[in-house]
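There are 2 protein chains.
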Amino acid sequence: MNFHKFIRDKEGWATLAEEEKYSSPHLGVFAVKVRTPTRPEGCPWTTVHRKGAVVIAPITANGDLLLIRQERIPVRETLWECPAGQIEENAAHDETTIRDAALRELQEETGWELAGELIPLGLFFSSPGFTDEHAHLFLARPVVEGKSGPAHDENEAIVECRAFAPAEIRRMIAGNEIRDANTLAVYARLSAMGLC
Amino acid sequence: MNFHKFIRDKEGWATLAEEEKYSSPHLGVFAVKVRTPTRPEGCPWTTVHRKGAVVIAPITANGDLLLIRQERIPVRETLWECPAGQIEENAAHDETTIRDAALRELQEETGWELAGELIPLGLFFSSPGFTDEHAHLFLARPVVEGKSGPAHDENEAIVECRAFAPAEIRRMIAGNEIRDANTLAVYARLSAMGLC
Chain A
907 MNFHKFIRDK EGWATLAEEE KYSSPHLGVF AVKVRTPTRP EGCPWTTVHR
957 KGAVVIAPIT ANGDLLLIRQ ERIPVRETLW ECPAGQIEEN AAHDETTIRD
1007 AALRELQEET GWELAGELIP LGLFFSSPGF TDEHAHLFLA RPVVEGKSGP
1057 AHDENEAIVE CRAFAPAEIR RMIAGNEIRD ANTLAVYARL SAMGLC
Chain B
907 MNFHKFIRDK EGWATLAEEE KYSSPHLGVF AVKVRTPTRP EGCPWTTVHR
957 KGAVVIAPIT ANGDLLLIRQ ERIPVRETLW ECPAGQIEEN AAHDETTIRD
1007 AALRELQEET GWELAGELIP LGLFFSSPGF TDEHAHLFLA RPVVEGKSGP
1057 AHDENEAIVE CRAFAPAEIR RMIAGNEIRD ANTLAVYARL SAMGLC
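These protein sequences, in sequence, are chains A and B.
The numbering of the first sequence is the working numbering, which starts it at 907 and goes up by one.
The numbering of the second sequence is the working numbering, which starts it at 907 and goes up by one.
Careful, some of the hints might be misleading.
One copy or two, it doesn't matter: identical chains are merged, so the pair holds either way.
List of simulated lysine-lysine pairs, DSS-like, C-alpha gap at most 30 Å [claimed, not checked]:
id : residue 1 : residue 2
1  : 927       : 957
2  : 1053      : 927
3  : 939       : 1053
4  : 1053      : 916
5  : 939       : 927
6  : 916       : 939
7  : 957       : 939
8  : 927       : 916
Derived from the structure by calculation, the hints contain no laboratory data.
Note that the structure is a prediction, hence the values are computed from the model and not measured.
Turn these sequences into a full structure, and let the hints steer you where they fit.
Now the structure itself:
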C-alpha cells in the first residue's frame, strides 16, 4: 500500500523510519519514527493509513439537507449521515480529482445530482492521534433528483435517503442522533460560515 | 487487547466471527463477520479497535473557549484542538468513569479546572466505516486556572494553551484552521443546541 500524496513532511517534520506492520485493501498499520518541531530526536508512533475522502452536504432547492442512512459495521449501528466516499489511492489528489469524487459519491449514494455550485468547505482529520485519514468537505447546492437513481456499492448497505429541514437537522444533532464525524464536521463549517 | 463494553451487538446485529490481525497498546485490527439488519448472512469487514475517549469544551468565566495546540504525528501537523483523552480500557464506562476522565484530561492538558457544571453533549464516532472509536463530548463551564499547572503525558507534545473568543473560534473553523473531528463535533453540538 503506497502512501498517497496528501500527508507530507512539512517544515520541522521528518519521517525517520517507517515499517509496515499490517496491510489490507482498506488500511495499513505502520510503526513510524517521526521528527517533530519540538522533538528533533524523533518520536515513535503507530499510525493507521487510510485513503483520503470526500464528504458532501447536498442541499435541495427548498433548503433541505439530504442524508443517507447507512449500516456501519465497526460500531454496529445504522446512522444518518452525509454522503461520503474515498478518493482513489493513486489519483492525483488535485482539485479536479477531489471535486469529481464528491460529485460521483453524491450521485452513487443518493441518486441526486448537482444543479448549481459545489462549494469547498476545507478539510478535517477524523482522528489525528492515530490515523492520517482526512476528508474534503463540500456544500452542493442545489441538488436535484437524477433519472437513474442511486448506484450503491455492493459493500455498502445504504437503507434510506431522505431530505431533512434545517430545524430537523439541528434537533438530530442536538439530540445525539446524528453522531458521525463527517456530518458533524460539515455542519460545524456551515454553521461557522453562516450557511446553516 | 479486550474489547471495551461500549460497542455491543444490538437488535439485528450479531458478531459471527472475529479474528485479531494485529495488536499494539494503542489499537487492534480485527477481521470480523457481522450479521446486520439487512445482511442476515453476515458481512466480512476489517475494523480497528480503539479505546473510547472524552472531549471537553472548556469555557472560561468571560465566555472564551480554551484550546490546546498539539503535535499530531500521523498527520505531521500541530493543531489547535479541544482537550481530549482516552478512557481506560478496563474501566466500567459508566457515567462516573467517563466524567472523571473528562475532568482529568481537562486538568492534565490545560492546567485549568472545572468551577461549575460539566454538561454532557452526547457522543460521536470518528470514522464509523473502519473504527469503533467514539468520544463522549462535554461542555465544562466555567473553568478556572488551577494552581499546579498542566501535567502533560510524556507521549504528548502540547505546545500551547490559549483562550479564544467566540468570534475567533468561528473564524478559525470557517477558515479551515480548526480541523480535527473532536473540536468540530463539539462545536456542531454546541451550535445546534444554541450554546455558542
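Results for each hint:
1. 927 - 957: both (17 Å within a copy, 20 Å between copies)
2. 1053 - 927: Neither: 46 Å inside a chain and 43 Å across chains, both beyond 30 Å.
3. 939 - 1053: The answer is neither: 51 Å in one copy and 35 Å across copies each exceed 30 Å.
4. 1053 - 916: So residue 1053 and residue 916 fail the 30 Å test inside a copy (45 Å) and across (36 Å) alike.
5. 939 - 927: Classified as both: same-chain Cα gap 13 Å, cross-chain 22 Å, threshold 30 Å.
6. 916 - 939: Close inside one copy (15 Å), not across copies (40 Å); limit 30 Å.
7. 957 - 939: both (21 Å within a copy, 22 Å between copies)
8. 927 - 916: within (24 Å within a copy, 32 Å between copies)
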